[in-house]
Structures are given as C-alpha cells and as structure tokens.
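Note that the protein sequences, when read in sequence, are chains A and B.
Just so you know, this note's numbering puts 176 at position 144 of the first sequence, and the rest follows in order with no gaps.
Just so you know, this note's numbering puts 55 at position 52 of the second sequence, and the rest follows in order with no gaps.
No lab work stands behind these hints, which were simulated from the structure alone.
Please note: incorrect hints may appear among the correct ones.
No more than 30 Å apart at the CA atoms, straight line, and that leaves these computed lysine-lysine pairs for DSSO-like [to be verified]:
(1) A/LYS69 - B/LYS181
(2) A/LYS41 - A/LYS69
(3) B/LYS181 - A/LYS41
(4) B/LYS16 - A/LYS41
(5) B/LYS9 - A/LYS164
(6) A/LYS204 - A/LYS164
(7) A/LYS137 - B/LYS181
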Amino acid sequence: MQIFVSFAKIGAVLFGGGYAMLPLLEREVVERRGWCKLEDMSDYYAMAQLIPGVIAVNTSMLMGHQLRGVFGTLAAMLGIVLVPFFVLLAYAIAFDYMSELAVLKDAMSGLRPAVAGLMAGVAFTMFNRSRKTPLGLIVALVTVFLALVIGVPAVCLIVGGVVAGIAWFFVKYLRIF
Amino acid sequence: MGTLLKIISVFFKIGILTVGGGLAMIPVIQQEMERLGWLNSQQFLDILGVAQITPGAISVNTATFSGYTVMADAYPGQLWMACLGALAGTISVCMPSFFCVNIASQVWSRYREHDCMLSIFNIMRPLVTGLIITASAFLVVSSVCGDSEARNYLSSIDCFSVGVVICAFLLTVYTRMKPFYLLGLGIIAGIGYGLL
C-alpha cells in the first residue's frame, strides 16, 4: 500500500517522461522512505532501459519488485499510472464537449507545430549523440533511409535491429565465421 | 467489443517492441494508428501534445489518450466505452514490461554486463534515433501543411505553423527548455495568433 501511495505521488508530479523522473524518485524513495541506496538507483535505471517498455514505469516496477515481489510490482505500476490516467480522462471528456470552442482550436493550432518542432529538436540532439561512433552513424542513416524513403514499418526495423545486434555479437565475439 | 480487443492487442505489441524507453514508442504508435486508420497525423499531434503537458510518462499518456479517442470514434456517444478504451490502452501498454520485470529481476545480476546485451544496444540506440528522425519529419510536414486531401503540400503551407516549428526546434536544441513550458508557449502563441 505504501508502495502504491509513493508511486502515485511521483506519477502526479512527473512531467515529460523517464528522464525527468530520477530526481523525484530519489527524493521519495531514497530520502523519505529509505527503501534503497542512492548507488542502487543507477542500476535500476540502467535495467529499466533494457526491459521493453517505458523507462519511468519500468523503474517503478523494478523497485516495487525488489520490495514486495509480484504484488510490489503491481502496486508500483498502478500507482505510477493512476493520476495521469484520470487527468487525461478528464481532459479527453472536456475536450469532447469543448471541441467547437474557438479558443481551444487556436490553442491546438499552436500546440501542434510546437510538438512537431520539439520532436525535431529531440531527433537532432539524439542524432548528434549517435553520430559520434561510426556504427551509430551508419545505423542511424540506414534506418532513416529505410523508414523514410522505402517506408519500412518501424515494427520490422525494431525486430531487425534486435536480430542484427545478436548477429553482430556472434560474429564479433564468438568468431564463428 | 472487437475494437477493444484490437486496442489491447495493438498496445500490447507496442509495449513489447519498445526497447530503450518511451521515445522509441512514439514512431511505433504513430505508424500503428495510421495503419489501422484509427488516427490521422493531426489527431496524433494533438494527442502527443496533450500527453506532454499532463503529468505522467509521455508514451503511457499517449496510449491512454489514443485508446480513449479510438473508442470514442468507434462508439459515439457512449462515454463509458471511451473510458474503457483509455483503460485498455494504459494497462496493455504496461503489461509486457510487467511480465519482463518479474522475470528479469531474477536473471539481471548475471547478465547485465553480457556482451550480447551490449551489442544489441549498440545497434538499437542509433536505430531508435533514426526512427525518431523519421517520425519527426512526418510530424513537421503534417503540422505545417495540415492533412490536405489533395496532397498539394506547397500551396497549403501555413506560415504561422512554420514559425512555431522553427522556434520550438531552436529552443529545444539550444536552450534545453522543459517541454512543458515550450508547449505552453506554443498554446499561448496559438491563442494570441487567433486573436489577431
């Protein structure tokens, strides 16, 4: 129950996803509750990135699991999505009733390009990081080519990426060829 | 009911396929929604924007809101069905990680530094970058030109949108402004432009 309350609190004030979560988690879980040590935090965080899914939710579930097993995992998951879920629901219902309002339309016409610009900025920053290694540069460019020019679905590319990673490992480390 | 089951299976799939965090999920959600004809790119931009200015993880919020919108379109006037859609989207996108966490906690300490893991991630990180670049290209085109049926892009370019896209891009790259404030500015700009 405490796990649920703690993660619900974090979920309520978390804006902008995974990376914004770390300081909040530190304050609540490490300082207030004393559930884990600061050094362990980075372990949870690294692991959350390897598991499929959202980093913020994964980190919460890993901590929940460490504390109380399967039930802890469940409590942490429900906690972290609880408040955002109801906020969004309220917003979506209000949106349905007010969608003809001129002010709301204007607001959305500003929000849409802002989201697109934000995504482009994130993409630019990520590309700057990826192109530091030759492998990163090649993979990023090939992915853009396949997805944008040829139109390969993202699903296929992701599965292909995992397969390529495993193949790369076999070729490089086991020297089977 | 068919739509609800479809939502559950689609978001479950999206949940499995997302490696390396929520950002990687955005291109997949976008493509799946358009492939199924559930959301057009304007609707997706709205959802993505709202998902970032409400609390919570972006991609879970996107799943919640998408589930709601899809069910609201499929069953007009039935509010509880839409809410059920939101619930289905939220839970099913988290489910794969729920199973993985329970399994992974057992084996994690043994394999975390394993070279196989590292080489998968060496490929997945730039691959996700490429996907984000592609998704953002689509989103920029869609926000600037609208979803014009005629696909006559050049004539439908909206100068105000172009300006906002460029400002948002520059602010993100050079000032690291928090998305929440950035999108807030976008909303204010939109209302201000509407008043003029």
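### Message
Please verify whether A/LYS69 and B/LYS181 have alpha carbons no more than 30 Å apart.
### Response
This hinted pair holds, its Cα atoms lying about 28 Å apart.
### Message
For a C-alpha distance cap of 30 Å, please report whether B/LYS16 and A/LYS41 respect it.
### Response
Holds: B/LYS16 and A/LYS41 sit about 28 Å apart, inside 30 Å.
### Message
With the threshold set at 30 Å, check whether the alpha-carbon distance from B/LYS9 to A/LYS164 stays at or below it.
### Response
Answer violated: B/LYS9 to A/LYS164 is near 41 Å, above 30 Å.
### Message
Hinted pair, alpha-carbon criterion (30 Å max): A/LYS204, A/LYS164. Please report holds or violated.
### Response
holds, 21 Å
### Query
Is the Cα-Cα distance between A/LYS137 and B/LYS181 30 Å or less?
holds, 24 Å
### Query
Does B/LYS181 pair with A/LYS41 here, judged by a C-alpha cut-off of 30 Å?
It holds: about 21 Å lies between the C-alpha atoms, which stays within 30 Å.
### Message
Does A/LYS69 sit within 30 Å of A/LYS41, going by the straight-line distance between their CA atoms?
### Response
Holds. A/LYS41 to A/LYS69 sits at ~20 Å (cutoff 30 Å).
When held up to the earlier numbered hints, the structure conflicts with hint 5 and nothing else.
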